[in-house]
Each structure stands twice: as structure tokens, then as C-alpha cells.
Amino acid sequence: MSEIILTPKEQPQVPLEANTITPDSFAGKNIDEISNIAIWNGNKQFRLSEFFDVQGESAENPSEIKIIIDGDIYNTKRIGQSMTAGEITVKGNANMYVGAEMDGGKITVEGNVGSWAGQDMKGGELTVLGNAGDYVGSAYRGDWRGMSGGLITIHGNVGNEIAEYMLGGKMVIKGNVAIMPGIHMNGGLLIIEGNVVARTGGEMKGGTIVVKGVIDEFLAGFKYLGVERNIEVEGEIIEGAFYKFKGDLATKGASGIVYAAVAGNGHIVPK
Amino acid sequence: MEHIIKNGIVYDPLNEVNGEQMDICIKDGKIVDSVSEDANVTDASGQIIMPGGVDPHTHIAGAKVNVGRMIRPEDSKKDAESLAGIKRAGSGFSVPSTFMTGYRYAKMGYTTAMEAAMPPLLARHTHEEFVDTPIIDHAAYPLFGNNWFVMDYLKEGDLDKCAAYVSWLLKSTKGYTIKIVNPAGTEAWAWGGNVHGINDPAPYFDVTGADIIKGLAEVNEMLGLPHPIHLHCNDLGHPGNYETTLASFDIPKGIKVNPKHGSREAVLYATHVQFHSYGGTNWRDFVSEAPKIADYVNKNDHIVIDVGQVTLDETTTMTADGPMEYDLHTLNGLKWANCDVELETGSGVVPFLYSPRAPVPSAQWGVGLELFLLVNDPGKICLTTDSPNAGPFTRYPRVMAWLMSNRYRTDMIENKIHKWAQRKTSIATLDREYSLYEIAQISRSTPAKVLGLSDTKGHLGVGADADISIFNFNPETQDPSADYMAVEEALSNASYVFKDGEIVVKDGAVVNIGIHGRTYWVNSLYDAELEKQVEAEVEKVFKQYYSVNFANYPVQDEYLPRSNPVNGVME
Ligand SMILES: [Zn+2]
Numbered sequence: 037m038s039e040i041i042l043t044p045k046e047q048p049q050v051p052l053e054a055n056t057i058t059p060d061s062f063a064g065k066n067i068d069e070i071s072n073i074a075i076w077n078g079n080k081q082f083r084l085s086e087f088f089d090v091q092g093e094s095a096e097n098p099s100e101i102k103i104i105i106d107g108d109i110y111n112t113k114r115i116g117q118s119m120t121a122g123e124i125t126v127k128g129n130a131n132m133y134v135g136a137e138m139d140g141g142k143i144t145v146e147g148n149v150g151s152w153a154g155q156d157m158k159g160g161e162l163t164v165l166g167n168a169g170d171y172v173g174s175a176y177r178g179d180w181r182g183m184s185g186g187l188i189t190i191h192g193n194v195g196n197e198i199a200e201y202m203l204g205g206k207m208v209i210k211g212n213v214a215i216m217p218g219i220h221m222n223g224g225l226l227i228i229e230g231n232v233v234a235r236t237g238g239e240m241k242g243g244t245i246v247v248k249g250v251i252d253e254f255l256a257g258f259k260y261l262g263v264e265r266n267i268e269v270e271g272e273i274i275e276g277a278f279y280k281f282k283g284d285l286a287t288k289g290a291s292g293i294v295y296a297a298v299a300g301n302g303h304i305v306p307k
Numbered sequence: 236m237e238h239i240i241k242n243g244i245v246y247d248p249l250n251e252v253n254g255e256q257m258d259i260c261i262k263d264g265k266i267v268d269s270v271s272e273d274a275n276v277t278d279a280s281g282q283i284i285m286p287g288g289v290d291p292h293t294h295i296a297g298a299k300v301n302v303g304r305m306i307r308p309e310d311s312k313k314d315a316e317s318l319a320g321i322k323r324a325g326s327g328f329s330v331p332s333t334f335m336t337g338y339r340y341a342k343m344g345y346t347t348a349m350e351a352a353m354p355p356l357l358a359r360h361t362h363e364e365f366v367d368t369p370i371i372d373h374a375a376y377p378l379f380g381n382n383w384f385v386m387d388y389l390k391e392g393d394l395d396k397c398a399a400y401v402s403w404l405l406k407s408t409k410g411y412t413i414k415i416v417n418p419a420g421t422e423a424w425a426w427g428g429n430v431h432g433i434n435d436p437a438p439y440f441d442v443t444g445a446d447i448i449k450g451l452a453e454v455n456e457m458l459g460l461p462h463p464i465h466l467h468c469n470d471l472g473h474p475g476n477y478e479t480t481l482a483s484f485d486i487p488k489g490i491k492v493n494p495k496h497g498s499r500e501a502v503l504y505a506t507h508v509q510f511h512s513y514g515g516t517n518w519r520d521f522v523s524e525a526p527k528i529a530d531y532v533n534k535n536d537h538i539v540i541d542v543g544q545v546t547l548d549e550t551t552t553m554t555a556d557g558p559m560e561y562d563l564h565t566l567n568g569l570k571w572a573n574c575d576v577e578l579e580t581g582s583g584v585v586p587f588l589y590s591p592r593a594p595v596p597s598a599q600w601g602v603g604l605e606l607f608l609l610v611n612d613p614g615k616i617c618l619t620t621d622s623p624n625a626g627p628f629t630r631y632p633r634v635m636a637w638l639m640s641n642r643y644r645t646d647m648i649e650n651k652i653h654k655w656a657q658r659k660t661s662i663a664t665l666d667r668e669y670s671l672y673e674i675a676q677i678s679r680s681t682p683a684k685v686l687g688l689s690d691t692k693g694h695l696g697v698g699a700d701a702d703i704s705i706f707n708f709n710p711e712t713q714d715p716s717a718d719y720m721a722v723e724e725a726l727s728n729a730s731y732v733f734k735d736g737e738i739v740v741k742d743g744a745v746v747n748i749g750i751h752g753r754t755y756w757v758n759s760l761y762d763a764e765l766e767k768q769v770e771a772e773v774e775k776v777f778k779q780y781y782s783v784n785f786a787n788y789p790v791q792d793e794y795l796p797r798s799n800p801v802n803g804v805m806e
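Chains A and B supply the protein sequences, listed in that same order.
In this note's numbering, each residue carries its 1-based index in the first sequence increased by 36.
In this note's numbering, each residue carries its 1-based index in the second sequence increased by 235.
No lab work stands behind these hints, which were simulated from the structure alone.
These numbers come from a predicted model, not from an experiment.
Mixed in with the good hints, there may be bad ones.
Lysine-lysine pairs mimicking DSS-like chemistry, simulated, CA-CA at most 30 Å apart [stated by the list, open to error]:
| id | chain 1 | residue 1 | chain 2 | residue 2 |
| --- | --- | --- | --- | --- |
| 1 | B | 570 | A | 259 |
| 2 | B | 570 | A | 282 |
| 3 | A | 80 | B | 741 |
| 4 | A | 65 | B | 312 |
| 5 | A | 158 | B | 313 |
| 6 | B | 312 | A | 158 |
| 7 | A | 241 | B | 570 |
| 8 | A | 65 | B | 313 |
| 9 | B | 449 | B | 527 |
| 10 | A | 288 | B | 312 |
| 11 | A | 158 | A | 127 |
| 12 | A | 80 | B | 322 |
| 13 | A | 80 | B | 313 |
| 14 | A | 102 | A | 158 |
| 15 | B | 570 | A | 158 |
| 16 | A | 241 | B | 313 |
| 17 | A | 80 | B | 312 |
| 18 | B | 491 | B | 406 |
| 19 | A | 288 | B | 654 |
| 20 | B | 390 | B | 775 |
| 21 | A | 158 | B | 651 |
| 22 | B | 312 | A | 241 |
| 23 | B | 495 | B | 265 |
| 24 | B | 767 | B | 390 |
| 25 | B | 241 | B | 262 |
| 26 | A | 282 | A | 158 |
| 27 | B | 654 | B | 527 |
| 28 | A | 158 | A | 210 |
| 29 | A | 288 | B | 570 |
Pulled out of the complex, with its shape left as it was, chain B reads as follows:
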């Protein structure tokens, strides 16, 4: 099947194409140099063309997402779509059902989205939901930061065994990266407590957050993983936490980057940094310290961050940071769910209202935008809302419009939101506006590169997967800064989306679900002998402590309709 997209205005940062009118040729799901006369033609005159969007951090599949759906029937009620054409019915504003998740990403021109927190024990459930999530390519990040085996091996100082364990677990769960959430803190929560900062040890294991970050960052490079460690820092959401954040950022500095696939330069990926950029000592004297965080990112090359932009919506928070979710429940008094995942991790879910009229959410809105506007290089920062924690992913087009239009932000600051945005952050003084090229960086090329997938994702060069988004906004006649509503609307409803070379969205509607999305996972073999030894140790612990049989733990290949292993080190 051949296709040619003609006359679009292309933004393709990885190939340094900045708003040039050019044709894109597609053959057999890939971008190619040229096609024959018989190719289907799509006319994109006067429209924006970008690679398909890549979301490096979202919560769309698995146990806690489903708990979010279950405890929030009212979230489902307010946003329901009925059966239409090839589309199934679905519901959920902040936690959409699986099918609707796939459709809604596609509608915005996003073709890849990564589930950022998978408890290893519940990997099967996560992959089952991926099976029912149409269109988008995906991967899941297993949680390692409070894992008993990891903490045991780190306590013994045995990095080799830790690496062998991580390698085995990534394969067993079909996971993609080393996710660390509130290291040592979620384990402490199983004992009813939390840790404060990076030097507070987990009970019994006596290893600190700093030990876990350092150890796993080294293991990450020993295994040659495509993505750096993916870190949710300690002290999330607490005034004064920026010091913990900066100290955490410094831990992996100096470790040599060693990906076996892809071309990342970072050894640390820090997520939803907006929630970690707070000064002060309580919510009264709270101030934004985003400028200090941005300054650190500007001066250091070992780190890439994502923002976790607050969108000022009613949403559902969900994270493996169990103690933080309990704090949140005591703060807002709303219903909550919390669970302990034996030996591995925990999680919590609480609804949250980021009211634009309330002081704290307005300030958080400002903090996120400060990070976007003060980090100079869009190659170091990714667009996320930590969906649905700071807002649902369906608001990405709105965040993009805020970034491209100082006028839009000024209207928000002056007319729509609480004055804390001005008083507690510097957002009102920042007049930088993102270009469409920079938007393509933070939503396409930067996440693709830091994920180690930029050979086929996040760009439109020859050899890339033909994942392409086209938006009906003419940068030659329209100005996103002035016409911010039009650009938000265009980015919300792509005029065309190609996935693996097939048209899946037309005029903002899903018209075809195409072939199933790829599941990326990391296949590595650190040391075959050692991995066997570690597996035997794990099996013993299973008999003693786990509620499932060892043989039932690994996710078998049948769970991945379109398995796409990415190699790490292979002995």
C-alpha cells in the first residue's frame, strides 16, 4: 500500500525540517523516499504535518487505572460516547475506558503512549488492557523503586545481581524501563510511614532513596537500556521539596550513558517535575522554585524532564506513591483508594479538583508553565500532564496553545484564575512563545529520543514508522499566538492521522483502528548464569511470601498481540 501526502507544511525536528512545504511518501507502513504513480494522494495544502505524538508518561492501563474507573462512576457519567461506526462505546473524562483511550489519543494525532507505572505482579492486567486499547503503540514501566529484591541486592552492594534481577523482571513482565516512584517511601508506607528526602532509609532494608536512585541508575547503564531511569522523586507535592528534587537530579550525574538501542544522552529522566518544584515550608508561604529547577536543567546534560502540567480540571490522581495519595485525601477530604502490592510497591487513587479559582491549583498551573518557558532547550523537556494526575491527556492541545500564545496565558492570568499564579510564580513576567517546531520537539522528537525509539518514532525521515499527524491550521496565514483558540481546536481534532501508513483519523473522527499497536519491551541478558541464580533466589522467596505461584508470574507472549522487543545488553 502506497500513499503520498502532498503540500503540507512539515515540522520534523529530528531532521531539522522547520515549516517547509514538502511531500511525504509512505510504503508498507514506513516512510520512504518516493512512491509510484499509483499511490493514494492526500492533499495537505495549508496544513501542519508533524510526526505522530509520543507520550512518554501517562496512566492508561492496569490496576490503579482501573481502580480509578471503579471508584469514579461520576467521572464516567459526565463524559460518555455511544457506539459510532467502527468505534465502540466508552466513558470517562479523566479515566477513559481502554477503547476510548486509544481513540482519543489518535484524534489528537498521538500514536504512541507509555503507561508509566506497572506493578510487576499486575503486569498481566496491564497488558490485558493494552490488548483492548486500539491504535496506539505503547509500553509499560515496571516499578522498581520499592522492590524487596532490588533493596536487598542494593543493601548487599551486589549491583551485578541487581542488574540480573532487573533484566529478568523486564523480560518477565514485558516492561520497558526502570520506573522509580518515591524510592524507599512507598515501602515505608507499608509500615504506615513515609520517607522525607533522599537520605531517609526504608524500614528493615535500611537503604535510602539516594541509594536506590544511584544503584538503579548504574544498573540501567549496565543493562544498556534504551531509556534512562524514570524517576518520580521523593516528597511529591510538598512545599519545600525542590531541594530534594535538585539533590535527586545530582545523584546519577557522571554515570556513563550506555544505550544499546537509540541515541539518548541522558542518564536520568525525571517525571512530572512541576509537582517537585515547590519552595516554602507550608501552603501559606509556598513559592515556586521552578526557575531554580529550570536553571539546573539548562546547566546539565545528563537529564531530561517532563512537566506534569496542571490543566485546571476535575481529574483523578493515581500513583504508586501511596503515602502521597493518603496525604492528598486528608487534604481534600474526598474518597480514596490505596493498596499494597506485595513485596513490590503500592498505590493510591484520589479524585482532585484543580479549580481555576483556587490559589494552589492556579499557582501549580504557573509552576508548570514556568518550567516549559524557562528550560531553554526543548530537547530536554517533554509535554505531559502526568495524565490524569495533573489533568487528562485530552488537554495536551490546550497546553500547547498556552505555550504558543502569551495572549492566551495573559487572559488566563488576568481573567480566569486565582491571583496566586502571579503572586507565587513568575509566569506573568514570561513572554516566551513556543514555535510549532518547538511544540513538535516537546511532543514528538524529544520523547522519542529519550525513550530510545527515535530510529522509527518521532520523526518523518526515511525509515520511520509512518505515524503522521496533520492539522488544519495554516501557519502561513494564521498565527497561533493570536489565534490560540483555532490552534487548540486544530490540534484537538487532527484532519488526518496515519498509523503505520493507514489513515486512522479523518476530520477529527476515528475512521479505522488499523493494525494493533506495538508493545515495546526490553529484552536483555546481563549474565545468563547469574540470571539463573537470581531466578532461583526469587523462586524461593515466592514460595515464602508471594500469593501467586512463581510459574504464573511471567507474562507469556500470547499477551502481546504485536510484540516489539528492544534489545539491551545481550551477553
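Pulled out of the complex, with its shape left as it was, chain A reads as follows:
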């Protein structure tokens, strides 16, 4: 694996649009050429080297390239957008749209990320060690076809409307979730290890949501199916006892499944 190290200079006040920071766009270019790759800041184009020190060695094939962003890029958006192969590691925070539309390869962010991480993701792996904002793995605004493949893992907490219109793939949230996880979900698997505030699976038609923590408020559109132990979802066994629900029956023909851990969720089961 060839490593290319981007050391951030000062982050601009207006966010950087860094969709050209991908192994795909670096492949086949030498360090000079990479330094000259165009990057948008507001309505102007700059060279990558104006915002990053570029070092290391590139490769012909994106799958042989690992990009290390050695610092905090809290005001840089679209890292790894549409990438198909290779690796990116961010050793700090990143802004919105990390790994949006990614189709392959691997992104790891060691800090926190903004909203829309993994938007419309089709494949690959996106891991965030800190927290993420709203709309993790959601569809583009207005679209009814969201994340269709790949794996998103967020180790911290996330905001609202994650996995919106999810069609496939897998998302694991190790921390807590705000409202409406899996809204309009049509397929795939969403595992929430922490707690959820409210409206899990609102208007979902398909797919599976597993909540290991506590759901404060649950929707009325779900039919209670009973308790299941050591559930099997998408070929994987999740240990423990879960209340099983089907819904959201507010939507015609819905057959989404929500599992909520028995421990702590007695209040959402019909008496």
C-alpha cells in the first residue's frame, strides 16, 4: 500500500469541498500532480497544496493507495466522496458528507463528523470513532432511494433521521440516537447499541432495525409479534432477548421489523 500524507494547514472559514480527495483521483499521479489537484473553496478553485502539505508516494491503482489526513479538518466536506477503492484515514474531525456515494474502499475518521456521512452509500466501509451528525447513511434530499450497500459504523452518538430511505447494506451505531432512525427504510440492517429518543422506523416498509438500548417513545404503527431470543438477522446472530415488532403499518404493505431489547423496553409493549 502506498501512503500519501496530507497535513492540513489552517482550515478556511468557508468550508472546503474536498470530493477530489480520494484514492481514485490520486491514482496514477505523482506528488506534484496531486498537489495541483483542484479543490473548491466557496466559489473559487484552489490547488490542494494551498490547504494541505502533500507527502508520500502514489500508485497506479486506487486500491493500492492509502490517504492519511494527519490532523483536524473540521471545515472540510466531502472527503472520500464517490470513492471506489483504497483507504482514507482522518486523524481528526471532518465536516459533512464524508464517504457520500462511496462504492468501495475504506474510510476511517478518528474524530467526529458532520451530517450526511455515507449519504447514498453503495459499498465499502465507513468508520467514525467519534460522533456523527444527522442523516447518517441517508438518501439525497428528495430522493426515495438511499443507502444500498456497504457498512457504516459510528462509535459515538448520532443525530436525527439516520438510515433514511435505506435500501440495503448495514449500519451500526454504538452510541445513542436522536429521533427517527430508519425513517422510510425499505431494506438493509440498522443496529443501534445505545438508546433512541423516539419514532424508530417511522413509515418504514422493509428492512430490520435492532435496538439494544432503550427506546423512549415508540410509534403506534407497529404490531407486536412477541419475544425472540438470539435473533438471526441478515445471516448474523445477535444474542439476547428482544421484543419483535412489524411495521410501520401507517404505510401500505409495510413489513419492516424492529427488535427492541427486552431489558429496559417493557414500556413499549402492549399491556
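Chain A is fixed; fit chain B with the ligand onto it per the hints.
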């Protein structure tokens, strides 16, 4: 400014020029007999020359178009163009932004496009969008088919007052024709229902679709309008609707044609007839009845139709047929918008995926092409996709290539689309291929004539506006039937387009936006006294029911940067 286009191969049906090599001379925006030695020369050797395209029915400006843009950010995302030269940035595959709409029509050699549904109350918005739509000449069709005043006057049997009202409204909204959409049905939808067929009355008003079509067709000729009534029939998109369609076609038959401008022969223009040519009782036993519709058109001279060809794309449907859009939403489950335009009309917007792998869209594709291929006289049929309802206007070159190439269609039928195209329609058995001359008819001369604009539009004779399209396809060495991809490509990217005598497109790119497009509208005066009386009645109703002041209703002249009134009867 003088210009001469040399050696092109010209297709100009209104002047019966069929593939002749000739020079075209331009002076001061018009086509002339000859020019001086100083004229700019454009060499069009081995290239097709046609008049600028004329789209008689499209949705490009106004409230519902904008709702389409607003509810579909994902449609904008998938098709965006950045700033380039004189061109502004824009976006939207099925509902492009206004500037991009003008550029994209021009790129295909189209220089005139008509907005087919304008709620009178929202006329101002429509004209504002025209201001920002470059290059193309245009007009808007106000909606009359569910208008309270029209229904009231028709209920009273007072055609004179109805005519006076229509005349006043056309002037007030700067509108061009009498557009009728699902007559009585959109009004019924305001009450939560719809009408079925032409004999089902609107609630309260107690007039039927048939009454409205008949009354307005008579009013159309009383006013001597350039275009016949422009009808979107009842029961759009429903299996079995062809009977309603044929019955509607028959209503204005026998009314005497009376245009004060232009030379149309039809008293009825029926739009997107593809959506109205269905047999069966549901989507399982559905069959195409396009052959029966085409047969009617072949046997009758009072009608011109456009097709509304399905292009098998993901698109956005939008129409004043509110109840139909609600049905569509319940069918595909996608997001929807619907609105009621007080006292006048309503509308709806729903995204739609005409997937080539799905049975119904494939059959609809076949129905549209059947109409094109079974109507014998290209003087009676216009090319449209009811853009963006059956597909975006940017697919016109593809539709033209389908019509010119049986091989292209066969490849679609055998390899690309669902077998319902063969099973439910006769398309696979039709081997007719359009000539370039016939393509020029359905996209140029026929629409220009039925719009009443063929004195200056849709032809290349002396006196015509110098709106000219040139395509890099050599009919002497290339065969559109065999080389269908090349002809589609050439028609998509004109090598030159002249608008009002100026080069606006070169090698498929907009290079100049020229002067602003004309806004055509109808100026008529049926009976000055009566019009005043009707205006007073309308004003009273305004105070009671409308949310705007009467004085703010008419669109003032400032809204039309290049106003082009066309006269109807002038008392
Ligand atoms: Zn239409």
C-alpha cells in the same frame, strides 16, 4: 445584418421542399429572396436544413413547473451544468431551470415552445419565467375547462357572455388559446371527486365535460382564435378511456372553422392522445386502442393531435388534472404535490419512472409509436412528449430516430423493453419509417400551422422568421434507418441554429442568446359593451371569492419583453 446559408439539403414541408440542395438568404431576421455580396456565409454542404422546431405542447414555465423543481431536488442533482461562456449554470433533467430550458431547446434546433397549462391567477408567474427563458419564442395556454365563470355562462346557455369572458381573460393573462383539461373533473376534484367520461356533471355547476368542450369550441370560433380549442380529454391514463376520447373528438365536429389569423383547418386540437388510447377495464386486461384512435384521425379533418410519446425515462408528471395526479401517487406511492387554484383550476405533480423493464411503460411506448405510424397524414399529428409528463423534451431526437428507423424500434422491442410492447400493442408489426420530410412536418410545419403561426413559423419561405436549424447528417450518404444513432446524435446537437437571423447555436453549443423570444398572445374584442359588462360581473365575484384584488389580476405589458399580439375577431 445579412446572411446566406449555402448548399444545405433543405426540408421545408410548407413550401413542399423535400431534400433539395438550396441556399437560404437572411436579412434583418427574416428569410428573403437574395442578399448582397457582403452577407456572412455559412456552409451547410452535406447537412440537413429545417425550419426551427415548434413545440405545440410542453410544460416549461409557471407554478406547477416550479413545484416540480421544488419537490425534486434529486432531479436537479442528476443533471447540472455549470456556468460556461455566455451560458448560466442550471440544473434539472426532467424539469430544467428556466435558462437551461431555453438553451436545451435551442441546442436541438427548436426555436418555439408553448407552455400548455397556465392557471389564469398564476399568469404573472408564468410570464416571469418566460422572461428568464432565453432564445425561444413562446406562448402560454390559460386553463378554461374548470373555470367557474365559464361553467356559469355555459350553464345559463349564454355563449356570447362566455365568449366575452374568454376574450377578456386571454387579454388579461396574455394567453394564447383555450386550454381545457379534464373538463368538469378538476372542479369535481375540489370536492374530493372526479368525473368519469364526458357526461358526468361538475358538482354545483351541473355542466358536463361534453357541455364545456362544445361551448368552448364554439366560443373559440366566435372569437376567431388562431389555434383551435386545446383539449386534454377526461379519464387520462385509465384503461378503457379510448371511448371517452372518441366521443370527445366527435363533439366539436361540424363547427365551422374561423381563424382570423393563420390557416388552420382543425376545430379541435387533442393533446397527448397516447394517454387516452387505452382499452380494457384494468391494467391486467389493458390493450392498446391506438389503431381505433388513428383510424378516427385518418377519417376526420376537423382534428389535429399530438402524441405525448413515452420516452422510458425517470421523469416528473405535472398537470392541471389534479385527480389524475392523485391516482398516480396512489399507484406508484411516490411523493406528490397537489393544489387548488381558486375558482379556476387545480394541479398535481408526481415523479414517475417509466422503466423499460416494466410492462405498462413499455406498452405505453408502443401506443405512442402506433399513433405516429398509423396516422397516415403527418399534417394531422405533432411530435410531443407532453414534456415532462411522458418524458423530457430533450428526448425529441430519440423519438424522431425511433420513427425513422424500424431497426431501432426492433432493437428496443427485442432487447431493451418489456414484452408488453408486443403483447399489448401492434407496434412490432408496423414497419413504416418516417422520412426526414415527415419529421419536419410533425416537428415544424404541422404544429406551426395548427397554432395559426405558419405565416412566419415552421417554414423557410420568403417572409418567414429566420429561425433555422442545421444538422450534421448527410441524407445523401447516410441512411437514418440504418444509422439511427448518428441521426439521433445529429438532431440532439444542431451544428447551427439561427434565431431571428442570428447564430445562437454552433456545434451543439449555445454561443449567443440573441434577442429575447416573442411572447405570442391573443388580442380579440368580441363585443366591447358585453366585455365591459362581463368584466363588472367578474369584479364583483373577485370581491367575494378571490384572494387577490381585481386590479392586480391582469398581467401588464411590462411583463412581456417582446410582446407579439395575434388578432382574433376585432369588433
Ligand atoms: Zn401537458
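A quick look at each hint next to the structure:
Of the supplied pair hints, the one linking residue 570 of chain B and residue 259 of chain A holds, its CA atoms being roughly 25 Å apart against a limit of 30 Å. Proximity of residue 570 of chain B to residue 282 of chain A is assessed by CA-CA distance (about 23 Å); at most 30 Å being required, the pair is judged to hold. For a cut-off of 30 Å, the pair hint linking residue 80 of chain A to residue 741 of chain B stands: about 29 Å separates their Cα positions. Restraint check for residue 65 of chain A and residue 312 of chain B: the C-alpha separation of about 29 Å stays at or below 30 Å, so the hint holds.
Restraint check: the Cα-Cα separation between residue 158 of chain A and residue 313 of chain B comes to about 16 Å, which is no more than 30 Å; the hinted pair holds. Among the hinted pairs, residue 312 of chain B with residue 158 of chain A is consistent with the structure: their alpha-carbon atoms are about 17 Å apart, no more than 30 Å. Between residue 241 of chain A and residue 570 of chain B, the direct Cα distance comes to roughly 15 Å. Compliance with the 30 Å bound is thereby established for this hinted pair. A threshold of 30 Å between alpha carbons decides the hint, and for residue 65 of chain A with residue 313 of chain B the separation of about 28 Å falls inside it, so the pair holds.
Distance restraint check for residue 449 of chain B and residue 527 of chain B: the Cα-Cα separation of roughly 22 Å lies within the 30 Å cut-off, and the hinted pair is therefore satisfied. A hinted pair counts as satisfied when its Cα atoms are at most 30 Å apart, and residue 288 of chain A with residue 312 of chain B qualifies at roughly 29 Å. The hinted pair formed by residue 158 of chain A and residue 127 of chain A meets the criterion: a straight-line CA distance of about 24 Å does not exceed 30 Å. At roughly 18 Å between alpha-carbon atoms, residue 80 of chain A and residue 322 of chain B fall within 30 Å of each other, so this suggested pair holds.
Simply put, residue 80 of chain A and residue 313 of chain B have alpha-carbon atoms about 22 Å apart, close enough for the 30 Å limit, and the pair holds. Restraint check: the Cα-Cα separation between residue 102 of chain A and residue 158 of chain A comes to about 20 Å, which is no more than 30 Å; the hinted pair holds. Proposed proximity of residue 570 of chain B and residue 158 of chain A is supported: the alpha carbons are some 23 Å apart, at most 30 Å. Under the criterion of a C-alpha separation no larger than 30 Å, the hint pairing residue 241 of chain A with residue 313 of chain B is consistent with the structure, at around 26 Å.
Restraint check for residue 80 of chain A and residue 312 of chain B: satisfied, since their Cα atoms lie roughly 20 Å apart, inside the 30 Å limit. Distance hint between residue 491 of chain B and residue 406 of chain B is fulfilled; the C-alpha atoms sit about 24 Å from each other, no more than 30 Å. About 29 Å separates the Cα atoms of residue 288 of chain A and residue 654 of chain B, which keeps this hinted pair within 30 Å; it holds. This hinted pair checks out: residue 390 of chain B and residue 775 of chain B have alpha carbons roughly 19 Å apart, not beyond 30 Å.
Distance hint between residue 158 of chain A and residue 651 of chain B is fulfilled; the C-alpha atoms sit about 25 Å from each other, no more than 30 Å. The hinted pair formed by residue 312 of chain B and residue 241 of chain A meets the criterion: a straight-line CA distance of about 26 Å does not exceed 30 Å. Distance restraint check for residue 495 of chain B and residue 265 of chain B: the Cα-Cα separation of roughly 23 Å lies within the 30 Å cut-off, and the hinted pair is therefore satisfied. Restraint check: the Cα-Cα separation between residue 767 of chain B and residue 390 of chain B comes to about 21 Å, which is no more than 30 Å; the hinted pair holds.
A hinted pair counts as satisfied when its Cα atoms are at most 30 Å apart, and residue 241 of chain B with residue 262 of chain B qualifies at roughly 15 Å. The hinted pair formed by residue 282 of chain A and residue 158 of chain A meets the criterion: a straight-line CA distance of about 26 Å does not exceed 30 Å. Distance check on the hinted pair: residue 654 of chain B and residue 527 of chain B sit about 22 Å apart at the alpha-carbon level, within 30 Å; holds. For the suggested pair residue 158 of chain A and residue 210 of chain A, the alpha carbons sit about 21 Å apart, so the restraint of at most 30 Å is met.
Restraint check: the Cα-Cα separation between residue 288 of chain A and residue 570 of chain B comes to about 14 Å, which is no more than 30 Å; the hinted pair holds.
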